[in-house]
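Visitor: Next come the chains, spelled out residue by residue.
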Amino acid sequence: MTIQKQSKFDIKKPRRNPRVAVLLCDCGQTLSDALDFPAITAAVRKLPGVAQVLCLSDLCQPTGIAQCVSALSDAKITHVLVAACAPVYYQAVLAQALDQFGFFISRTNIREHCAWVHSDPDAASEKALRLIKLATQRQRLANHVVDRTVRLNQRVLVIGAGLAGMQTSLCLAHAGHKVALITRSDSLGGRAVRQTILPDAAARATDLASKVQANRKITVLTNTELRSLTGQFGHFQAHLSPTDVALSCGLVVVATGQAQLSDPPGPGLLSFEDLSLLLRKNRLSSLTRIGLILDLRDQQDCAATRACLKLARRARELWLCETYVFCQHLRVAGSDQEQDYQDARQAGVLVVKTASAPQIIEQVGSVCVTGTDEQTRRPFALTLDLLAAADIPKGDNGQASLNSLLRTGKTVAGLAQRDNVFLLPVDSGRKGILFAGSCRVSMEWPQTLADGLAAAEQAHLLLTPSSIRIAAQRAQVDPSKCAFCLTCYRTCPHGAIDIDQDGRAAVISPVMCQACGVCASECPAKAIDLVDYSDDQLCTTTGFAGGTVIFACENSALLAADRAGLGRMAYSANTTITPVCCVGRVDPVHVLRALQAGARKVLVLGCHEQACKYMHGINRAKARIERLRDQFTQLGLEPDRVQIGTLMAADAGRFVEFVNGPNAPGPRVGGL
Amino acid sequence: MAAVVSEKRILVVGGGITGVSAASQLASAGLQVHLIERGDHLGGQALEFGCKATDTCQQCNVCLALDRFRTISQISNVYTHLSSRLISVSPGPNGSRYQATVFTQPLLIDPAKCIACGLCASICPAKCISPATPALGSSYYAVDRSRCLALNGQDCSKCSEVCPTGAIDFSAGPHSRDLDVDAILLAIGYEPYDALGQGTYGYGSIPNVITGLDAERQLQDSTTLLRPSDSRPPTSVAFIQCVGSRTQETEPSAFSGQYCSAVCCAYAMRISRLLAQKTPGAKVTIFYMDLQNFGKDYQSLYNDCHDRLCLIRSRPSRLSPADNDSVLVTYEDPQQSRVSRRAFDLVVLSIGIRPPADVRRFADMLNIDVDEHGFFDSSACYRPGIFVAGTCTGPTDIAGSIDRATAASARIIADANAPGLRAGGLICRGSQ
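As they're listed, the protein sequences go chains A and B. The first sequence begins at 1 in the working numbering and counts up one residue at a time. The second sequence begins at 1 in the working numbering and counts up one residue at a time.
Pulled out of the complex, with its shape left as it was, chain A reads as follows (with noise of 0.2 Å):
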């Protein structure tokens, strides 16, 4: 398959004259003590492009509604520009009715973001002038852009076929879609069909495995690997190994489990799938002392802590010796958990905490475990026949090489999904990719299937329309200026870049890319730019006055910024909000632009890392101002005139923390 190339024909370029009409609402005028609506009116009618000015009243409301609809019909606008309160209050109603006139509607919030936390209706008015000005400087440049439909191939690609993948592919399979169900073993199951710690597990998965194989909707390859993954989501080409089958689908499941275990877990030490093994075949029925060890080098997960519980129980009670666990922690936090233990107790089963790992030391024919018990204070040392430990992950198993073949991210820990909390529960950051199963987080049985079952269910929903419309919204590169450097390829956080090897220029997938701007960014020779958020958009030339800009991300700052308002935090006047994707969209130039435009100070305001909606965003902010802020020391300037923070979407008090500078909470304005 050939990469799409982007048509010049995407973009339209923007009208010469635009149009624009500027709503105004004083809130059913609560806000005309706060702000002077009468001068603001007078001064936005002067602004180049601004057609016509409307105060309104009641913008949220059915009457002031009509009132747009009635005056906007028959006056030639191209552009409307809300300077009103937070969008969310007005915008589905307001998108509804001016939906028949195909205006290029923006906002920008003259309420919590002026009026309600400014005491000083001067000062107030004049940010409210000056966010307008700035919104509507922003809008003239604005393009629009032509919505394009892709057909999604409906078949799945599944790779593991463990619990979780077995459980996927057969929902999948119901659900109607074709699924190629690939393992790198030579047979169906994973690790619950290896084990025999948890029959029930085992059990469950022998029954998948069968329905799998019987399922005509199902393709299984086993001893095969995922070799490449070029294409995006809805056309992905997989090649596999050793076959070097080409097979296209429409999207990827990754359900490889978890890490796979070292064996043995340690010298003179069992695993507790061999203990397991052992009470099955009621071999060694002499012992008289046996132990098992739980933290012994990390700390241990519920999962293997039901394990350790279940086994010493079964071996208290066929053996009939003592039977000894050792841990730091006894995690009952899974389902039905605390019942394991007290089971074990009642069986007989001796639980001895410690504050750190015991020490083990070999023997001949048996193994002495010394230590101190936390609860007695009495150190210990105990002659075990047999002493059985939990497995340990290997350090490599594959999955690191995997994700990066998969463009996913770097793995952590030998797991799957990357750290960032809008990635759960099965998402990859990569459109098309999922995460099913203990490759994610490790996990206990019976809520793997339920993972299966959640992976299946968003892969149905993500292709069940078919075709998509892509969103309006994207980057864009231009190929005279690319210099091929493969700095956007590596820095997208969504794999949504290729290389065009013909054209010698990077190609950006429209359906993989979520406009974002990181790429736009980090480009160095300015090859890319974002469409709403371009680079002459952002560089703009208000008189800032001595004030502070701050770049907000529209995910993070820009609602603490509404929550302040709806707090009534004060904070200084003199600034300018201005909203941005996500910070990873601000480049120094951006930065210096507002810095020249008289802007005394620059705050780029975004979300913490492991929680930016575009991955690591706000990672490549960071790194882009810290070199800012040290050229600025070489050159003599104030490195603090540019600073990054983080907040998150309800932070209202750090984001006013961050305007006035810490240790002066600001005073609340006005009766609240």
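What the hints contain is simulated information worked out from the structure, not anything from laboratory work. For every residue, glycine included, the Cβ atom is placed at its ideal position computed from N, Cα and C. Honestly, I wouldn't trust all of these hints.
[Claimed, not checked] Covered, in the sense of this in silico footprint (three residues per stretch, anywhere, with C-beta under 8 Å from a C-beta of chain A), are these stretches of chain B:
no.	stretch
1	23-29
2	63-70
3	221-230
4	293-306
5	394-403
[Claimed, not checked] With a Cα cut of at most 27 Å, we get these calculated DSSO-like pairs of lysine-lysine:
no.	chain 1	residue 1	chain 2	residue 2
6	A	K622	B	K278
7	A	K353	B	K283
8	B	K278	A	K601
9	A	K622	A	K526
10	B	K283	A	K410
11	B	K296	A	K622
12	B	K296	A	K353
13	A	K310	B	K296
[What the hints assert, rightly or not] Okay, the calculated beta carbon distance ranges per label pair:
no.	chain 1	residue 1	chain 2	residue 2	range
14	A	A347	B	K127	43 to 49 Å
15	B	I87	A	A51	51 to 57 Å
16	B	S130	A	A357	32 to 38 Å
17	A	T541	B	D194	35 to 41 Å
18	A	G546	B	R147	22 to 28 Å
With the hints as your guide, set chain B onto chain A.
Guide: For chain B alone, kept in the frame of chain A given last:
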């Protein structure tokens, strides 16, 4: 997202993170969703929590929950009924499976009309009007019915007179309506443990003893914890784990408290790290039984807490007030095998998760088994089209709730597409 809108209707009971996540999933699959919430806003318990980021994110997932609450209003096919309760469920008359009777006590301030101007709140003599969901950045206002003068027999209509959009209406009475639905998802959440019941820990009487929930609420408005008595940052803080969890005491409802709440270690360790970072020199101590595992970064978090905090395996016997409003903790010191006393500026009780108050009522109404601890048994929903998810099936955190919501909605979608082949337990429906 889906092109075809199904005729199938789903009732989701509970507007917390589980209910909201499930509702949005179901709606994007083309189903019509009625989401009912007993309170005056969506968000449930998660809306009470604050961000625990130090310089870096600690992945408490609160921002994810808030993001879902913010976006639910933009999803079509979700009909939200606030201040509503499910009264009864009977077989559906019009071809649908069930008829659900929902009782609604209309909100005094109509959220659709409220423009959050705040005039009513500034004029209210009883100060009983406030934003319903301030954590979401934008919000309508809501009235605290218990403190409203007009609702308590006095003559006051100041708020409705001043409202510029006429959003305040005292005349609307309660009403009930019947909804024809094909499936019901119960996501009624949990009750935080009532620490007032833990007499020996003096919550409510000793000024600087707060609960984990109080701490979370504080973190919503400020970036660190302050002592309630003098609003100063504490220099020594103690967390007491397992308050209301893993305990022999039984609730009045006779459910056993012998289970781990699964979330308290996580939030205590995260808030501890936040305090240790925000207040240099602050000493944080955690009194614990066993530190429970959570999340994928557990090992590094545990190591960090092990190095920087004082972890003591002990269950304090009592707390008592001491000089300078500090709190004296009496506990058995495991290192020295004797009873010790230590004073702390602030003590946080890590309260656990208790089953929802009306779990029995729902269980009887919909024929679901309840386990000995008072949570729904998700594998024992006997009637077709009845599902349970979230913390009402057992304690879990935000990520766990979202997992459960996603899995439950997957089962509902499968069930709605082919009701005959019902998803049994966790496995997907049907067999070949």
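Visitor: Does the structure break any of the earlier hints, and which numbers would those be?
Guide: 10, 14, 16, 17, 18
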